[in-house]
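S.K.: With chain A held as given, fit chain B onto it using these hints.
Chains as they are written, first to last, in numbering that gives the first Met the number 0: chain A, 0 to 405; chain B, 0 to 405.
Derived from the structure by calculation, the hints contain no laboratory data. Hints are not guaranteed to be accurate.
Lysine-lysine pairs mimicking DSSO-like chemistry, simulated, CA-CA at most 27 Å apart [what the hints assert, rightly or not]:
no.	chain 1	residue 1	chain 2	residue 2
1	B	398	A	341
2	A	398	B	52
3	B	52	A	341
4	A	283	B	52
5	A	398	B	143
6	B	52	B	100
Protein chains: 2
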Amino acid sequence: MNIQNIAGGVCAAKGFTASGVHAGIKAGSAKADLAMILCDTVCSAAAVYTQNKVKGAPIFVTQRNTADGTARGILCNSGNANTCNPDGMEVAQACCELAAKATGLAPGDFVLASTGVIGQALALAPFERGVPELVKKLSKEGGKDAARAIMTTDTSVKEFAVEFDLGGSTCRLGAIGKGSGMINPNMATMLVFLTTDAAIKPTLLQRALSDVASVTLNQICVDGDTSTNDMAAILASGLAGNACIEEPGEGYEAFCDALHNVCTKMSRALAADGEGATKLLECKVTNARTAAIAHAVAKTVIASDLFKAAMFGADANWGRALCAIGYTPGDFSAEHVSLVLKSGAGQVLVCEESAHAPYSEEEASRILAENEIEVLIDMHDGVESGVAWGCDLTYDYVKINGDYRS
Amino acid sequence: MNIQNIAGGVCAAKGFTASGVHAGIKAGSAKADLAMILCDTVCSAAAVYTQNKVKGAPIFVTQRNTADGTARGILCNSGNANTCNPDGMEVAQACCELAAKATGLAPGDFVLASTGVIGQALALAPFERGVPELVKKLSKEGGKDAARAIMTTDTSVKEFAVEFDLGGSTCRLGAIGKGSGMINPNMATMLVFLTTDAAIKPTLLQRALSDVASVTLNQICVDGDTSTNDMAAILASGLAGNACIEEPGEGYEAFCDALHNVCTKMSRALAADGEGATKLLECKVTNARTAAIAHAVAKTVIASDLFKAAMFGADANWGRALCAIGYTPGDFSAEHVSLVLKSGAGQVLVCEESAHAPYSEEEASRILAENEIEVLIDMHDGVESGVAWGCDLTYDYVKINGDYRS
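Extracted from the complex, chain A is given alone in its bound form (with noise of 0.2 Å):
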């Protein structure tokens, strides 16, 4: 399997144009606020969305419009949630009532997405003017101005795209995506926006999305705090002339594979950029008896504030990784635990069949100075892995959550 980081972002895959703007949402800001990625042809459609029981209104509008398992584009405002608002609904159909007059294609061809303060109303007057603008200024080179008009709180654009092999045919696939960093945060929503020039079946784009999501994205976590307005898309414009994708075997593997590789950059980036965060951890478990439970095992010790904010401190504090992994839900043995702490500066075994480790506490700290710690658990009861993404635990995620409005 071979594939290759390419330059372009979400616009790297033919077909795909993209564009962002400051329309005005952001009030008293001069930011970027409203980005559109649009494709030359119908595309295969998948999306994944929060499972939080309060919903923002674009999530009901883009489950609607990608109910037939395709879509042209994509829309997506940061600044205001459209989440919690009586008029929601009517002002998200607008919004893709705007888009389609822009385009010339019809409102039920958008994914919609937003992202900012909850329960405030969303204006239309910035989509009056905003949305025409973003259609004059699609091009090739717009995925960076796309990435930059979602972002709230994020400190740095994220971007990045593949090439890879199917069948013969050079296929690409490339991302976009925002997490959490600071101004107005009321909400960490997590969005990620994947264009693709692979062919393949919606239903197989749906399920690709939904397993590789399961292991990638939704394995990162900053504070536990599942927003109402999450959402991962993939459009895929089938233009790259691979034979279209249309059942489980070698052709899905290798398009899961490149979309796992894209996903896992995606992740590391948006727990790195997490609200505050200087480090990002990862944390990897080995030998579990299944991989559920190593998922949820990495995933819960990551979210520890207690073992986060020891990171912080570069203290290397294993017991409250192991107080974690003992309130980890599911039917498994803690008592033959080993755990490394590593990073660029080296790595070291402080916790073996879950007890002290003799190690030195300097040693310790010198590799836990570094922005990049690796959490690797043997849990010593089976064969299966898996990886989450955390950040650390900072003044800063508390100024900039407390300071808000202030």
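M.R.: Just chain B now, with coordinates in the frame of chain A:
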């Protein structure tokens, strides 16, 4: 129902004495770290424990020692959790033997508890010196010393006692407790020791403690981390002279009311003194579909890092509470929620029908500037209710836990 607050804490009930000393378990500190509670007579005993798969050695020892439904005393150290230590069980047993030798009782007469660092060997020497001193100091006035000796990062002593009537006999029920970090008890260590002179059969005592703890102590959350050493234990001396409670009925209900009263006060005190906390959050959920959902919603809201940080910043960011309600597991509707923020400075309706209610931000900030905040959530989805207690997320939480061991 007549429940009166009285002084005396864990020594208020007839038959109980207590003491606390500095035995040297907390290295480099002169703080008290060893406590004993002893009864003149054999007590009915009951306890609830952490549900963490990784359990401290004292948990297993106490389960064994109280398996017959009786005990005579409680020995508890702070500074070291005696958890994840290969020799933990031997050390725990030796602690009970030291207590037996100094009191003339049997090792199996003792409830044993430990709280502190995980994964560091617990030396016996401090117990060899401290336990005899502890026994010498036992007195009716020693409750506060015992309460102080079980503290870790707690900033306040927690003790309560009440007097109540059982069929003409005046009974007393008192408690000491400690909390602070790693607090999401699921029966950090959260430790609560209760004493009463009511006569009650061990099986009913266990049932009362389990039922009351599930709606009081288990509804506290400081940081979502369920400790390996949580324990709430109760000893009933039977010296009050009441007809022994041997079956459910009026007497049992009166006893449960008193237990609920003390455990509620203790829960509030533990939450208010959460690590780094500046505010007590009390979330009351009404009109939920089931009592379990009401309790789960209340606990999820006060456990949300984002909501906790907003409370620290006195920001009426109700969208974060709605978001937390929405990701609470369970089958219920979050479509008609109303939310009131209340404190000594007044109250304000901030959300109605799961949408923004018009309110003054200035008034809300004034209300949230107080140090006890009530979050009143009406689900409009049934008739059941539930309460949970938490605290705000502050810079000091990060500071305390980023630097715990150094």
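S.K.: Taking the hints in turn, state whether each one holds.
M.R.: Comparing the hints with the structure gives:
Under the criterion of a C-alpha separation no larger than 27 Å, the hint pairing residue 398/B with residue 341/A is consistent with the structure, at around 24 Å. Of the supplied pair hints, the one linking residue 398/A and residue 52/B is violated, its CA atoms being roughly 34 Å apart against a limit of 27 Å. A distance of roughly 26 Å separates the Cα atoms of residue 52/B and residue 341/A; the hinted pair therefore holds under the 27 Å criterion. A hinted pair counts as satisfied when its Cα atoms are at most 27 Å apart, and residue 283/A with residue 52/B qualifies at roughly 20 Å.
Restraint check for residue 398/A and residue 143/B: the C-alpha separation of about 37 Å exceeds 27 Å, so the hint is violated. For the hint pairing residue 52/B with residue 100/B, the CA-to-CA distance comes to about 32 Å; that exceeds 27 Å, so the pair is violated.
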